[in-house]
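There are 2 protein chains.
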Amino acid sequence: MVNFKVKDMDISTGGPLVVYLNEKDAKILDLHTSDRIKVYKNGRVETAMIDIARSARAVPLGSIGLCEEVLKSIKAKSGDKVKAVLAGKPLSIEYIKRKLDGFSLSKAQIEQIVWDIVHHKLTDIEMTYFVAASYSRNMTIKETAYMTKAMASQGDTLKIKKHPIMDKHCVGGVAGNRTTPIIVPIAAAAGLIVPKTSSRSITSPAGTADTMEVLTNVALDIKKMEKVVLKTNACMVCGGSLNLAPADDMIIKVEKPLMIDAKSQLLASVMAKKASVSATHVLVDIPFGRGSKIESTEKAMILKKDFEQIARALKMKVKVILTDGKQPIGRGIGPALEARDLLYLLKNDERMPMDLRKKSITLAGTLLEMGRKAKPGRGGALAQSLVESGEAYKKMIEIIKAQGKKITNPSRIKLGNYTYEHKASRGGRVRHISNECVSKIARIAGAPEDKGAGIYLHHHVGDKVKKGEKLFTIYAHSEQELGFAVEACSKIDGFVVR
Amino acid sequence: MVNFKVKDMDISTGGPLVVYLNEKDAKILDLHTSDRIKVYKNGRVETAMIDIARSARAVPLGSIGLCEEVLKSIKAKSGDKVKAVLAGKPLSIEYIKRKLDGFSLSKAQIEQIVWDIVHHKLTDIEMTYFVAASYSRNMTIKETAYMTKAMASQGDTLKIKKHPIMDKHCVGGVAGNRTTPIIVPIAAAAGLIVPKTSSRSITSPAGTADTMEVLTNVALDIKKMEKVVLKTNACMVCGGSLNLAPADDMIIKVEKPLMIDAKSQLLASVMAKKASVSATHVLVDIPFGRGSKIESTEKAMILKKDFEQIARALKMKVKVILTDGKQPIGRGIGPALEARDLLYLLKNDERMPMDLRKKSITLAGTLLEMGRKAKPGRGGALAQSLVESGEAYKKMIEIIKAQGKKITNPSRIKLGNYTYEHKASRGGRVRHISNECVSKIARIAGAPEDKGAGIYLHHHVGDKVKKGEKLFTIYAHSEQELGFAVEACSKIDGFVVR
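Quick note, the sequences are listed as chains A and B, same order.
The first sequence lines up with residues 1 to 498 when you count with this note's numbering.
The second sequence lines up with residues 1 to 498 when you count with this note's numbering.
There's no promise every hint is true.
The list treats identical chains as interchangeable, and a pair is accepted whether it falls inside one copy or across any two copies.
[To be verified] Lysine-lysine pairs mimicking DSBU-like chemistry, simulated, CA-CA at most 35 Å apart:
| no. | residue 1 | residue 2 |
| --- | --- | --- |
| 1 | Lys149 | Lys224 |
| 2 | Lys256 | Lys107 |
| 3 | Lys347 | Lys406 |
| 4 | Lys223 | Lys299 |
| 5 | Lys72 | Lys304 |
| 6 | Lys253 | Lys72 |
| 7 | Lys491 | Lys27 |
| 8 | Lys149 | Lys414 |
| 9 | Lys491 | Lys256 |
| 10 | Lys358 | Lys159 |
| 11 | Lys466 | Lys414 |
| 12 | Lys491 | Lys89 |
| 13 | Lys256 | Lys149 |
| 14 | Lys253 | Lys466 |
| 15 | Lys83 | Lys423 |
| 16 | Lys326 | Lys27 |
| 17 | Lys107 | Lys315 |
| 18 | Lys77 | Lys491 |
| 19 | Lys491 | Lys315 |
| 20 | Lys358 | Lys227 |
| 21 | Lys27 | Lys5 |
| 22 | Lys263 | Lys107 |
| 23 | Lys253 | Lys75 |
| 24 | Lys423 | Lys24 |
| 25 | Lys38 | Lys491 |
Derived by calculation from the structure, the hints in this document are not laboratory data.
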């Protein structure tokens, strides 16, 4: 145990816990870069990574430089006296090595790893070893279930004392396809509890959270979320504003560079979000086919089985539906355009996109059957009647108001003022629309950051078009962005007309 | 291809190639953090990782911020115009993923990975995936040989048009044990070519380079090294001052956090250094036994076989000798103390450590037999006669002078002025001396940075000592460091006397 004087380094690492030692002190104590040290102050203790300061001016002999994160953790300030002692490596290092050696990990070991990740005890390199090990050595369903539970429990959790708790998930990859804000009010109108959390878009023109944000407040904390659900049966909030399964984002960060898709991590990531809201029943939508994330039926079937297995291990009921993912669904692509479509739909306005309606009613019907609100085979009819009667729209208004109303009338939604109508360069039938291309154009136009930016599709696959007929309209918030989007679509518009 | 105005960010990353984009530019171009971008200027091109600047003040719209490394590479300065375009991921990302998936890699694929490592094209996370893959999926001997050759060829190489070229290696872990500076002059005196590169210590009280630096200049570049070898048959220089197999250090950096000992990487690391000097014959010393790096005979035998296999794949002759690693060898531990011992020995001064002499002559004899300077079984006698006749010492003086003479007379070596004699707390026979403990005390006393600091052992295992008799003397350059070392050895001195 050695005494040090604290120096506030005025460095915020954004998570990692780091202390800085004078070179000489480090040598005398036989401490090295990336060794860990325990720092004690008045009964508080924090373990941090050591970095060696190059100059005595930065950290004088006998001083210990602390980053903001460590200062806060042990409530220290410059000049304070602290004691420090060499700490062993986090326990999880040994477990990660075991996994890399091909052993299975126990519940306690996986919990320790997740704890160390969440508490910033592991470096990126150490986390990468964990992901590499889970990938190259595979995780059993048992390990994946431990991982899921550990990720969920080490974060915010919603506990509603009702049964069943419904949830849904879509693996994504299809432009438009905003079914959640239609399914949720239908199910809630039928009396089901649906505490839905969604993500913002990372690489697509809109996530459900982006779209819902056009209509209401989505940045709720867990207490406010609970209130909304108790009042309306449901909610549609942004998962990123909560602290659900925080280990997940940290793992994804190190998966990205190699585009590693460790199956076990993917499943744990999705299911942990469901476990965080105590979901008992989960409907999973897997769009597949050319131009979607999952191109072959075989891959879709394997993923279906994976979801079923992990759900069984977690004692959740899951129903997995394979849907057509070959073209965009709905007309609007971009937050405001999608929000307008779904309000048209719930209001039974004739401008609603029929493909989105059909898919949403099918999915909602399945959810109603899972939650025993309809007999097998009768869910779709019930869902349709809830939409047609206006019950679903009424429920939507309730939810929007409970979360902090902005807009419930589609005509009040603002779209980008700069528009461009993209026309068919030849006549024929629309044979294919590329999800990737239209998404890219919508993003270049400004979506999702510019809520009113995006694309409105005038045609779907199968439609007959004449040369010069509008294929889609681009919306943007500035002339420059519109210009970039037009340039992009003049090169490749994603439509095959023949 | 987009035009940008260069901004010198005044950031030196120490290797990684990074450019900074304005947030808005990044969005319009659909570029993300850690995407790669190619930057062109006047026919020069560099690929760099993208980072997004948070404020427009840091990087204005239409500007691209370059770190020093990129500025230098494309010879750009603030205000210059450059063109940029999204670059694919480095080819090696795909190969690393293949290895992680369990496939073997081809020669070309391994060369690409090493090239990307050496040229800072991979992040720490990406390199970690490579190490994890090599570890969990294993590398074949073939792959290890490709790796070795790629690491060697993508760095400085020494090409001496003579045959054979001799080298030696010790896996380390034994305090003292400075055989290299004795073996090399013996072999060179017999006419063998020995272009020896050694490392500085990282965790021990001295590396061969630290010890040789007491006597001469060890920081030679490859041309100067060649001159010395052509003149004297040999050299003993610091590998760190050359650019031998630079990929190796970068790989070791990501291995350290998990204490990963990917066998293939270890072998490739050692053999690449030998291949860099075009060695044809390599003598490997594996000290083993309690308290050394390799504790069991089984592990030593496995490592021996590994070296023999990789050498065969590299078409090098290798001879592996298992030696006793249970206690320190020689008396001095620390650069100056070791240097003094080895000059005593080469000068046939009666103060020489006999255990070090015996081991060195055995190893040198083997090297002489490998290089056909002695018939099988006669190398030891020749080595001994070269020492006794003063030929080896004469050769040592030649080498010291050629590299930039400092000291050839042991009495001129300066030791630390602050000393402490550590005495036996009871009488009996010395049963064990811990390599780890005495090394630690020597390091705390200041070795290897303080050349004159360290420990001088008065006894070895098997000696009878009386209570109060000197066990070892600690040397330090300051009272404070001596104090720390005394404190450490008062707790645990590493000696078992019974």
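Hint check:
With identical chains, the CA atoms of lysine 149 and lysine 224 are at most 35 Å apart within one copy only, with a shortest distance of 23 Å there and 62 Å across copies. In this homomeric assembly, lysine 256 and lysine 107 come within 35 Å of each other (Cα to Cα) both inside a single copy, at 26 Å, and across copies, at 27 Å. Taking the closest pair of Cα atoms, lysine 347 and lysine 406 come within 35 Å of each other only inside a single copy of the chain (17 Å); across copies the shortest separation is 92 Å, beyond that limit. In the homo-oligomer, the alpha carbons of lysine 223 and lysine 299 never lie at most 35 Å apart, since the shortest distance is 39 Å inside one protomer and 58 Å across protomers.
For the homomeric pair lysine 72 and lysine 304, neither the shortest alpha-carbon distance inside one copy (45 Å) nor that between copies (52 Å) is at most 35 Å. Taking identical chains as interchangeable, the C-alpha atoms of lysine 253 and lysine 72 lie at most 35 Å apart whether they share a chain (25 Å) or sit on different chains (30 Å). In this homomeric assembly, lysine 491 and lysine 27 come within 35 Å of each other (Cα to Cα) only across copies, at 18 Å, whereas the closest approach inside a single copy is 61 Å. In this assembly of identical chains, the alpha carbons of lysine 149 and lysine 414 never lie at most 35 Å apart, being 41 Å within a copy and 63 Å across copies at closest.
In this homomeric assembly, lysine 491 and lysine 256 come within 35 Å of each other (Cα to Cα) only inside a single copy, at 29 Å, whereas the closest approach across copies is 49 Å. With identical chains, the CA atoms of lysine 358 and lysine 159 are at most 35 Å apart within one copy only, with a shortest distance of 33 Å there and 74 Å across copies. Taking the closest pair of Cα atoms, lysine 466 and lysine 414 come within 35 Å of each other only inside a single copy of the chain (30 Å); across copies the shortest separation is 95 Å, beyond that limit. In this assembly of identical chains, the alpha carbons of lysine 491 and lysine 89 lie at most 35 Å apart only when taken from different copies (23 Å versus 54 Å within one copy).
In this assembly of identical chains, lysine 256 and lysine 149 lie within 35 Å of each other by CA distance both inside one copy and across copies; the values are 23 Å within and 31 Å between. Taking CA atoms no more than 35 Å apart as the test, lysine 253 paired with lysine 466 passes in neither setting, with 46 Å inside one copy and 62 Å between copies. In this assembly of identical chains, lysine 83 and lysine 423 lie within 35 Å of each other by CA distance solely across copies; the values are 32 Å between and 72 Å within a copy. Taking the shortest Cα distances, lysine 326 and lysine 27 sit within 35 Å of each other only across copies (26 Å), while inside one copy they are farther apart (62 Å).
Taking the shortest alpha-carbon separations for lysine 107 and lysine 315, only the intra-copy value of 16 Å comes in at or below 35 Å, while the best inter-copy value is 48 Å. With identical chains, the CA atoms of lysine 77 and lysine 491 are at most 35 Å apart between copies only, with a shortest distance of 34 Å across copies and 58 Å within one. When the C-alpha separation of lysine 491 and lysine 315 is checked against a cutoff of 35 Å, the pair qualifies neither within a copy, at 50 Å, nor between copies, at 55 Å. In the homo-oligomer, the alpha carbons of lysine 358 and lysine 227 lie at most 35 Å apart inside one protomer (31 Å), although the nearest pairing across protomers, at 82 Å, exceeds that limit.
When the C-alpha separation of lysine 27 and lysine 5 is checked against a cutoff of 35 Å, the pair qualifies only within one copy, where the shortest distance is 17 Å, while the shortest distance between copies is 45 Å. Proximity of lysine 263 to lysine 107 under the C-alpha cut-off of 35 Å is found in both arrangements, the shortest distances being 19 Å within a copy and 30 Å between copies. Taking identical chains as interchangeable, the C-alpha atoms of lysine 253 and lysine 75 lie at most 35 Å apart whether they share a chain (29 Å) or sit on different chains (33 Å). For a Cα distance limit of 35 Å, the shortest separation of lysine 423 from lysine 24 across copies, 28 Å, qualifies, whereas the shortest one inside one copy, 71 Å, does not.
Taking CA atoms no more than 35 Å apart as the test, lysine 38 paired with lysine 491 passes between copies only; the shortest distance there is 22 Å, against 58 Å inside one copy.
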